[in-house]
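Peer 1: Read off the chains here:
4 protein chains.
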Amino acid sequence: MKSPYQNIKEACYEANMQLPALDLVVYTFGNVSQVDREKEVFAIKPSGVPYEELQVSDIVVVDFDNQLVEGKMRPSSDTKTHAFLYKSWDKIGGISHTHATYSVAWAQAQMDIPNFGTTHADHLTADIPCAPPMSDELIQGDYEHMTGQQIIDCFESKGLSYEEVEMVLLGNHGPFSWGKSAEKAVYNSKVMEELARMAFLTLQINPKAPRLKEALVNKHYERKHGKNAYYGQK
Amino acid sequence: MKSPYQNIKEACYEANMQLPALDLVVYTFGNVSQVDREKEVFAIKPSGVPYEELQVSDIVVVDFDNQLVEGKMRPSSDTKTHAFLYKSWDKIGGISHTHATYSVAWAQAQMDIPNFGTTHADHLTADIPCAPPMSDELIQGDYEHMTGQQIIDCFESKGLSYEEVEMVLLGNHGPFSWGKSAEKAVYNSKVMEELARMAFLTLQINPKAPRLKEALVNKHYERKHGKNAYYGQK
Amino acid sequence: MKSPYQNIKEACYEANMQLPALDLVVYTFGNVSQVDREKEVFAIKPSGVPYEELQVSDIVVVDFDNQLVEGKMRPSSDTKTHAFLYKSWDKIGGISHTHATYSVAWAQAQMDIPNFGTTHADHLTADIPCAPPMSDELIQGDYEHMTGQQIIDCFESKGLSYEEVEMVLLGNHGPFSWGKSAEKAVYNSKVMEELARMAFLTLQINPKAPRLKEALVNKHYERKHGKNAYYGQK
Amino acid sequence: MKSPYQNIKEACYEANMQLPALDLVVYTFGNVSQVDREKEVFAIKPSGVPYEELQVSDIVVVDFDNQLVEGKMRPSSDTKTHAFLYKSWDKIGGISHTHATYSVAWAQAQMDIPNFGTTHADHLTADIPCAPPMSDELIQGDYEHMTGQQIIDCFESKGLSYEEVEMVLLGNHGPFSWGKSAEKAVYNSKVMEELARMAFLTLQINPKAPRLKEALVNKHYERKHGKNAYYGQK
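Chains as they are written, first to last, in this note's numbering: chain A, 1 to 234; chain B, 235 to 468; chain C, 469 to 702; chain D, 703 to 936.
Be a bit skeptical, because a hint or two may be false.
As the list claims (entries may be wrong) - Label-pair ranges, simulated between beta-carbon atoms:
(1) B:Asn-452 with D:Gly-928: 41 to 49 Å
(2) B:Lys-236 with A:Asp-90: 47 to 55 Å
(3) C:Tyr-698 with A:Pro-50: 49 to 57 Å
Everything labelled a hint here was simulated from the structure, so no lab data went into it. Where a beta carbon is used, it is the ideal one built from N, C-alpha and C, also for glycine.
Let's have the full structure, built from the sequences with the hints guiding it.
Peer 2: Next up, the structure:
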């Protein structure tokens, strides 16, 4: 009998398999999930399974309170972070977490990735925020749950919208991204990695490189995402 | 019935497919066009289509006033820039625009790429110019049209010939290149990316690295492109 | 007749073939070995053989006193280093030595790789130690034997456990790693290379980047390796 | 009828095809030659031919005075440099010239590549020398011939042996390497590129990184190339 979660399991599997294909992870690093909003569950990678062995049937389904719904394997150790984000931000369809090299380097440097050009502005107007490392108290508590909290606190304190800014760095840890689907979340992981690499090189060439001027930030973001967008086919 | 534009559509398609093959773009980034000078039209990539899905029949044909001539899809959002360059510079056969990493980094640093060696001089004698970011007024106007204007202004103010210097950086944006054909334009995109990477590394190793001496600049350029050129088979 | 060492020869072969596949070596660089603790022998790559020509039957078996046990080829020039480590540290199952670029760069810089983030803490709590170059006297003596000694001295002087820290840099030389098997040793070589690259980029972006706070170091190490570990499927 | 030069043409072809396979060149950059010492001729890549179109029958044979001996195509524009080196250094069997990125960057920085570690010492004891750019007078003369002269002058002024040091950088230009065969010359091009990359990273991590101590330089070079060498199978 077919699983009632077959659709999200397949979408989750396909998106996870993109991570090594796009050079965003090695070995078992990283995890992607896909939500089903009606059923209030999400499909996520099992913990510690190498991508080359991963199968659709290994994908685990859990609910927003981290209860196992379907699957024989233990879900990703970051599952609670995903659950917390799905619960808090109700328009997210997928979440991606990688240890992509340049994104991690910025997270370890504990710095926001500045908006230096139109490649960045094509995707978001703000700098990519870097949330500060958690307090010792929170780390000793429910760590992965509080990781989700940390992301949300960062967005609130900076006045950012999760619908516009679909990516974040966790200080000393690495990148999380999201979007309307698991596939879009992975797309954002790859774009963030490219922006991280471009910004790194920009500062190496010119440590005083100016941020992108406001008029260009808005122009590029609007032509792709605004009311009168004219990028793409829809 | 065969399209009267089949030749340029195929040349355009082949050149676009080189962009991901040469690691110059990810996803839907970038666009290449091929002109037909007699018919005064050019073939260009449709907007926002992933390369792995692109087909020859998707290629769009437009005229120099940006009017759609053939095709069902919306042309690249940068079409007006291409049109303006074809109209202004009558010996260009193809144009390529990418978001290649090192080229973008120099554009974001708002710096010309210095001529540091014979790899550079084999292709052009000048530094690769970086056009300054557009004024706010122009950005709010006909943006992509003015992007073409910005390139031409840059060449005029620096006294450069578009027949010798077949590449430019747009400040805070990225690289454009051109040539006798779409294929040659893409070749120039790849060469520019290599030169951008070599110049970046050169300055990291020796921040005081001198520019290539005049005698070598001329020798290498002339042996490949001069009257008595002896590089290649023709 | 089948060799009594067939199992370790195959494990050794498979692990060696991972080195070029994971971009950790070029040409004949590097070597991996797999021990058989009961028989007190280990299987190791023959010296100077290109990976694309390597066969299981080429793998050499030697004992802990460097005596040839099986095989027609000369064993790796680093064999004595492997033998010394197997003899000294009785829970090691495999050893890997590469000339991976970023790891070698840190070794040449003669610096420990700082623990800057959770990718690092997922694998070890300490900085990756860099053993100082050998004294001239020792170099002129039994060099490869003393290389093993140098690693063990480094761990003793820093109070490190080889069971927790499964990797080291040899000053001016390059990385060695180990683990329960040859396969795990190679995994550690790849992880070390990733950590070396991330730490390099971190310091380029922020020369004052702080080390990972103690609470996060412990949290990430414990969730993967501690008593109540919840990463993976076991 | 088979060419009397078939052997060197095939060796030359195979070695040239290694350049793109080893990521040392793009497009038509670079050239490799293979000598026949008895016949006093060498086989070399034709000028400006893309590697993916290159065939054994395209390989050109010329003598040490640059006279065409066999072939329908024009030989590499660097042919005179090869001829001069074969004439001057009678134990060279093959020569390789690339525009590999990190090697070119050091050449453009006009700096020798320091011997920072055992990867370097496994191949040569000296720093990789960077010959100064040619005087204007020589550039205007017989340029490619004088490029060979420039290499030989560099080795004489530094007291280097071309049998031990099989590689050089030409200031503002790029790397040349040689060896007993075209294949070995290409091996040296690849090794030089790795050493160039490692040395670059070493200085980025620690600008005061010390050169490899004399005892280790000698130990590693001798164990691979000395009288009592014990690396490899011969």
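Peer 1: Would you mind marking each hint as holding or not holding in the structure?
Peer 2: Hints versus structure:
no.	hint	in the structure
1	B:Asn-452 with D:Gly-928: 41 to 49 Å	47 Å, holds
2	B:Lys-236 with A:Asp-90: 47 to 55 Å	52 Å, holds
3	C:Tyr-698 with A:Pro-50: 49 to 57 Å	18 Å, violated
Of the numbered hints stated above, the single one contradicted by the structure is hint 3.
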